[in-house]
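Engineer: Sequence:
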Amino acid sequence: MQDKIFIFGHKNPDTDSVCSAISLSYLYNYLGNNTEARILSNINEETKYVLKKFKVPVPEVLDDVKLQIKDINYHKGFKIDSKSSVYNAFFEMQKDNMSTIPVIDEKDNFIGAFAMKDIAKNEILGDTKNLKTSYDHILEVIDGEEVLRFNDEIEGEITNVNIRSTTFHEDNHLNKNSILIVGDRHSIIEEAVNSKVKLIIVTYDKKIKEEHLEIAKKNKVNIIYTKKDTYDTLTTLSFANYITNYEFATELVCVKEDTDVTDFNDLVNKSRHSYYPVIDNQNKCLGLIKLSDLRDNHPKKVILVDHNEITQSIYGLEEAEIVGIVDHHKLGTLGTNKPINFRNMTVGSTCTIVYELYKENKVKIPYHIGALLLSGILSDTLLLKSPTTTKTDEKVVDDLVKLTGLDAEKLAMEMFKANDVIKSKSLKEIVYMDFKAFNIDKKVIGIGQVTTLSSKAILKQKSSYIRFLNRESANKGYDIMLFVITDIFKNGSYLLFNESGHETLRMIFNENLEQGDFIKDLISRKKQVVPMIMDIIK
Numbered sequence: 005m006q007d008k009i010f011i012f013g014h015k016n017p018d019t020d021s022v023c024s025a026i027s028l029s030y031l032y033n034y035l036g037n038n039t040e041a042r043i044l045s046n047i048n049e050e051t052k053y054v055l056k057k058f059k060v061p062v063p064e065v066l067d068d069v070k071l072q073i074k075d076i077n078y079h080k081g082f083k084i085d086s087k088s089s090v091y092n093a094f095f096e097m098q099k100d101n102m103s104t105i106p107v108i109d110e111k112d113n114f115i116g117a118f119a120m121k122d123i124a125k126n127e128i129l130g131d132t133k134n135l136k137t138s139y140d141h142i143l144e145v146i147d148g149e150e151v152l153r154f155n156d157e158i159e160g161e162i163t164n165v166n167i168r169s170t171t172f173h174e175d176n177h178l179n180k181n182s183i184l185i186v187g188d189r190h191s192i193i194e195e196a197v198n199s200k201v202k203l204i205i206v207t208y209d210k211k212i213k214e215e216h217l218e219i220a221k222k223n224k225v226n227i228i229y230t231k232k233d234t235y236d237t238l239t240t241l242s243f244a245n246y247i248t249n250y251e252f253a254t255e256l257v258c259v260k261e262d263t264d265v266t267d268f269n270d271l272v273n274k275s276r277h278s279y280y281p282v283i284d285n286q287n288k289c290l291g292l293i294k295l296s297d298l299r300d301n302h303p304k305k306v307i308l309v310d311h312n313e314i315t316q317s318i319y320g321l322e323e324a325e326i327v328g329i330v331d332h333h334k335l336g337t338l339g340t341n342k343p344i345n346f347r348n349m350t351v352g353s354t355c356t357i358v359y360e361l362y363k364e365n366k367v368k369i370p371y372h373i374g375a376l377l378l379s380g381i382l383s384d385t386l387l388l389k390s391p392t393t394t395k396t397d398e399k400v401v402d403d404l405v406k407l408t409g410l411d412a413e414k415l416a417m418e419m420f421k422a423n424d425v426i427k428s429k430s431l432k433e434i435v436y437m438d439f440k441a442f443n444i445d446k447k448v449i450g451i452g453q454v455t456t457l458s459s460k461a462i463l464k465q466k467s468s469y470i471r472f473l474n475r476e477s478a479n480k481g482y483d484i485m486l487f488v489i490t491d492i493f494k495n496g497s498y499l500l501f502n503e504s505g506h507e508t509l510r511m512i513f514n515e516n517l518e519q520g521d522f523i524k525d526l527i528s529r530k531k532q533v534v535p536m537i538m539d540i541i542k
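At position 487 of the sequence shown the residue is numbered 491 (our numbering), and the sequence of numbers has no breaks.
Hint data in this document are derived by calculation from the structure and do not stem from the laboratory. The model shown is predicted, which means the values in this text are computed figures rather than measured ones. Even for Gly, the Cβ is constructed at its ideal location relative to N, Cα and C. Among these hints, one or two may not hold up.
[Stated by the list, open to error] In silico SDA-like cross-links for lysine to any residue, where the CA-CA straight-line distance does not exceed 25 Å:
#  : residue 1 : residue 2
1  : K136      : N113
2  : K460      : I523
3  : K494      : G520
4  : K224      : F154
5  : K446      : T337
6  : K80       : K59
7  : K414      : G496
8  : K80       : M120
9  : K447      : K460
10 : K56       : E507
11 : K395      : V405
12 : K414      : P61
13 : K121      : D236
14 : K15       : G409
15 : K447      : P370
16 : K224      : D147
17 : K111      : Y229
18 : K56       : S430
19 : K136      : S103
20 : K52       : G520
21 : K59       : N16
22 : K59       : P370
[Claimed, not checked] DEER-style ranges, computed between Cβ atoms:
#  : residue 1 : residue 2 : range
23 : T266      : E127      : 40 to 48 Å
24 : H277      : V65       : 50 to 58 Å
25 : S103      : D209      : 16 to 24 Å
26 : L457      : N516      : 25 to 33 Å
27 : E255      : N155      : 28 to 36 Å
28 : K366      : F346      : 15 to 23 Å
29 : E157      : H277      : 31 to 39 Å
30 : P343      : K111      : 22 to 30 Å
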């Protein structure tokens, strides 16, 4: 399956950015891609109204696109059940050229890590006489043949006959917990089945006499044949043990799959381990990561709409792979390490560009997508009154009105009323409803804009807004922090700003400019305010 591509607009989503992201995602998925529209923060009331009106779900919030452990090609699925044999653990590690493997319980919970050194330690210093394992593990380890099976789990003490039969009989300590390794010594086998031992392993591919088999059946003695000799059987049998019979590390530093790689690197520098079990939020083991795995990563893929400035985009964008941009703003500072699909047009709305992409790809626009595209254009061009509006926008609106049967002016008024929520939001929320930051010749400019039918209500609190802009600009390092209050019916905007930006703004708009002044025909941040500030600063 193709990697998912996230499509999203800027940090403070407006109707144009959200509708263009949803519409572009629909188009790309129709063309065979795997994309998902997202938003970077909560949407405003206007956009909520549009999505609800046309029965389109609100996209999920995407917090960041930082490189995470799950984006690394680590050893996914590399783990072993605690009831697996030491033999299996060894060969799993060998197969992946690893020296450690995470151990899980029956519910897939991480309980520790088993290492090659644990095997060596047990073979040299541990108890190799006692065995606790499954009948099947024994068959696998000694390449055995099932003869009689009465127990799926075998537990007992290994006894190897390496003395004369008479001596063995004299010193016999066989009991129901004995695991006997023997060749064709029938007298010893007879004594074993009568003693009701747990298991008899007959080596050298020898067979048990029929009468002894009958006794074994009666006494429920497990029997296995093997072609191995007695020495090989004895030396390999301990590897049939469950992993839990050996000592292994249970207190380890684990890493969660959603951990950022930068945080993981900090963890590595502190702990200095080579391997780290990967777990999820429920402590389920997902695999193992080693330091060399970090080189093999798959950054999240993204397509940006309605912006191309890193300051306006998602946290961690520099760690993602930008595969496309669809925008109608000036070129920003973003760079990519490979060619991408970049579509930039001098139109009033990103939705206009997305409409053109549908036409170019000869894809039929369904009603709900047509309604979203129309809403996005009407919002961003202020019902085609903004100076950013082009003939292309006007034509697309005509086409979409014919397609959907919607009344453009009525829809626009409904949208603007829905977003006119001055009374229900705090001063800070109003300033940041549609806020963008720009880096211009080493200066940082922050511009918030609100399109409202209640400009008088804002201007009544003019002094409070000015104090907020002064405080916020000082705290966040804005050389100019401008709040543009756009009145659609008056076809212009009122300006509020931080005092340190006053002189620059006077040079731009009016040498007599004061707080709260109305600027006729000033509607567009993108085409009017930002270019004018750029001209003065540069």
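Engineer: All the hints need checking, so say for each whether the structure fits it.
Structural biologist: For each hint, the structure was consulted:
1. K136 / N113: holds (22 Å)
2. K460 / I523: holds (15 Å)
3. K494 / G520: At roughly 15 Å apart (the allowed maximum being 25 Å), G520 and K494 satisfy the hint.
4. K224 / F154: Holds - the C-alpha atoms of F154 and K224 are around 6 Å apart, at most 25 Å.
5. K446 / T337: holds (12 Å)
6. K80 / K59: With a Cα-Cα distance of about 39 Å, the restraint between K80 and K59 is violated, given a limit of 25 Å.
7. K414 / G496: Distance of about 21 Å is within 25 Å: holds.
8. K80 / M120: holds (20 Å)
9. K447 / K460: It is violated: about 31 Å lies between the C-alpha atoms, which goes past 25 Å.
10. K56 / E507: violated (44 Å)
11. K395 / V405: Holds, at about 15 Å.
12. K414 / P61: Measuring from Cα to Cα gives roughly 23 Å; hence the hint holds.
13. K121 / D236: holds (22 Å)
14. K15 / G409: violated (32 Å)
15. K447 / P370: violated (44 Å)
16. K224 / D147: holds (22 Å)
17. K111 / Y229: Between K111 and Y229 the Cα gap is close to 34 Å, so the pair fails against 25 Å, i.e. violated.
18. K56 / S430: holds (24 Å)
19. K136 / S103: holds (24 Å)
20. K52 / G520: Outside the cut-off at roughly 30 Å; violated.
21. K59 / N16: holds (22 Å)
22. K59 / P370: holds (13 Å)
23. T266 / E127: 40 to 48 Å: holds (41 Å)
24. H277 / V65: 50 to 58 Å: Cβ of H277 to Cβ of V65: about 34 Å, so the range 50 to 58 Å is violated.
25. S103 / D209: 16 to 24 Å: Given range 16 to 24 Å: violated, Cβ gap about 35 Å.
26. L457 / N516: 25 to 33 Å: holds (28 Å)
27. E255 / N155: 28 to 36 Å: For E255 and N155 the Cβ distance comes to about 34 Å; the hint holds.
28. K366 / F346: 15 to 23 Å: The hinted range 15 to 23 Å holds for K366 and F346, with Cβ atoms some 22 Å apart.
29. E157 / H277: 31 to 39 Å: holds (34 Å)
30. P343 / K111: 22 to 30 Å: violated (48 Å)
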